[in-house]
Amino acid sequence: MPGSIDSRYLIRVYNWTISSKIRVAAAGVILSIILLAAAIFLHPALFAVITLVILLLLGFTAYRIRNTGVALEYPGVDRFFQQVPCYLTIQDKDMRIIRTNEQFRVDFGDRRGELCYKAYKGIEDICPNCPVIKTFDDGKTHHTEETVVTKDGKMARMIVYTAPVTDETGKVVGVMEMSTNITQVKDLQDQLDAGRREYMELFERVPCYISILDPEMRITRANKLFRQVFGNNIGKLCHQVYHDRDTVCDDCHVVKTFKDGKIHNIEKTVIKPDGDEARLIVYSSPILDEKGQVVSVMEMATDITEVKRLQRELIYMGKTIAFMAHRIKNILMGLEGGIFVVNTGMEDKDDAMVNQGWNMIERNVKKVSQIVKDLLYCSKEREMNFQQIDPVSIVRNVYELYQGVAKKAGVGLRLSIPDKLPVGRFDPDALHSLLSNLIINAIDACVGDASERKDSHQIEIRAWCDKRCGYVFEIEDNGAGIPGIIGETIFDDFFSTKGREGTGLGLLVAHKVIEEHDGTITFRSSEGEGTIFKAVFPPCAEE
-5 MPGSIDSRYL IRVYNWTISS KIRVAAAGVI LSIILLAAAI FLHPALFAVI
45 TLVILLLLGF TAYRIRNTGV ALEYPGVDRF FQQVPCYLTI QDKDMRIIRT
95 NEQFRVDFGD RRGELCYKAY KGIEDICPNC PVIKTFDDGK THHTEETVVT
145 KDGKMARMIV YTAPVTDETG KVVGVMEMST NITQVKDLQD QLDAGRREYM
195 ELFERVPCYI SILDPEMRIT RANKLFRQVF GNNIGKLCHQ VYHDRDTVCD
245 DCHVVKTFKD GKIHNIEKTV IKPDGDEARL IVYSSPILDE KGQVVSVMEM
295 ATDITEVKRL QRELIYMGKT IAFMAHRIKN ILMGLEGGIF VVNTGMEDKD
345 DAMVNQGWNM IERNVKKVSQ IVKDLLYCSK EREMNFQQID PVSIVRNVYE
395 LYQGVAKKAG VGLRLSIPDK LPVGRFDPDA LHSLLSNLII NAIDACVGDA
445 SERKDSHQIE IRAWCDKRCG YVFEIEDNGA GIPGIIGETI FDDFFSTKGR
495 EGTGLGLLVA HKVIEEHDGT ITFRSSEGEG TIFKAVFPPC AEE
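Take the sequence shown: its position 295, counted from the start at 1, is 289 in the working numbering, and no numbers get skipped.
Worth flagging that the hints you see were computed from the coordinates, not collected in a lab.
Check each hint, because a few of them may be wrong.
Cut-off 27 Å, straight-line C-alpha distance, at most; resulting in silico cross-link-like pairs (DSSO-like, lysine-lysine) [said to hold, decoys possible]:
1. K250 x K401
2. K112 x K148
3. K148 x K180
4. K361 x K148
All values reported here derive from a predicted model rather than from experimental measurement.
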């Protein structure tokens, strides 16, 4: 009979009774009255049986209560249980809370007799991976992290430890659950994690190259852009990655930062893995430990190659404006001179002088017109009008246009081209402008040649198609040639074969045309002997 009674009912009766001294006294009085009445009215044998049953029930209840941890209420142990600064509960095998400490009751209320998962979380099923069940199963300590709900409806994050409560035989009769509120700690940890993620996002996505270097100049970390451009070079020496050298750079800014703990910067040229050079402005910043010692250096580099190019173009633009202003001023003076000659001839009724002045005006107006056309071509964004054409017709048209000009200047102009070439992708006007500028330069180079060793000056126009290289156009002259010190800068500066009379825009126009066709332009020249300009256009897609 006693074994069939559920322990939770006995515990509820016990908890209800001992919660008040009056209830304890009342229970004693009632029990005494029952025994006295039984002694008076019942047969002694029956009285003895009833008394024995009551004693057995009381003994069984005390035994079950003792083995479920409620008996911890004796002095010392109970004081520790109640005052420990964390949540303490004791649960039976049915997951019912049979004992709580004061800290638990403050935040969760008196939940004795309730199922723990309902009391903590308001759910209907046992929590997955429950540490209490594990402790009942193996008698060992377990721990986990849980989110629970306080009596005020607030969410609280707990770290939970469970320990077995055993009887004198070592059998687990209950589990003590010790929980610590780590909500503030977790909130701080979440904030730290969020800050760390934000830092990593910034570190990875900032549009500059960032690397972390140790005292040996090895790269220990690098951001996404650095890895994309320079590769995943973690563990390599920075001077190997940037300059392909085995020794530390002279006047290294990172070394300075390691020495004095200050921020330094430098502008330098590095070599990318694809072989291209890049101009960087680089800052080095110290990373300190808790003692204030420099343990690493963060290197932040920004690619200013394009900025430098634009800077050069701005300088170039300024030179263009100044040069054009000077040239136009000289041309205006020529116009004024021509007008003066015309007026003088009209006053003197001298037709020859009028014609001379008018020729001066025409010549200078043509110069202004050519300058304006070249400036417009170089300065504005002109959309190319590509067409599928045979370039022979363009070459022949340019030849016919300048044949008379060359003859008048005493220069022979020859054309060496086939009757036709494969149809290719060209902008007709742009190709015409390129060839025109190269021929004009060649004519003026011949006119300006002071060499007495040459019987005559000749210009030859050649064109052919190479299936591998593409369309090739060559303009060769035996004029004055280009001084060797000029080099490739003839496409950047205002170089002109016309000397003081040239604007220097012709080669700029030619260079722009070839770039827009994805081609190349080169030259070979020997000072005093002549020059060959070679423009190569990509082959037709059908070739």
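Practice problem: Against the earlier hints, flag every one the structure doesn't satisfy and list their numbers going up. | Solution: The structure conflicts with hints 1, 4, although it agrees with all the remaining ones.
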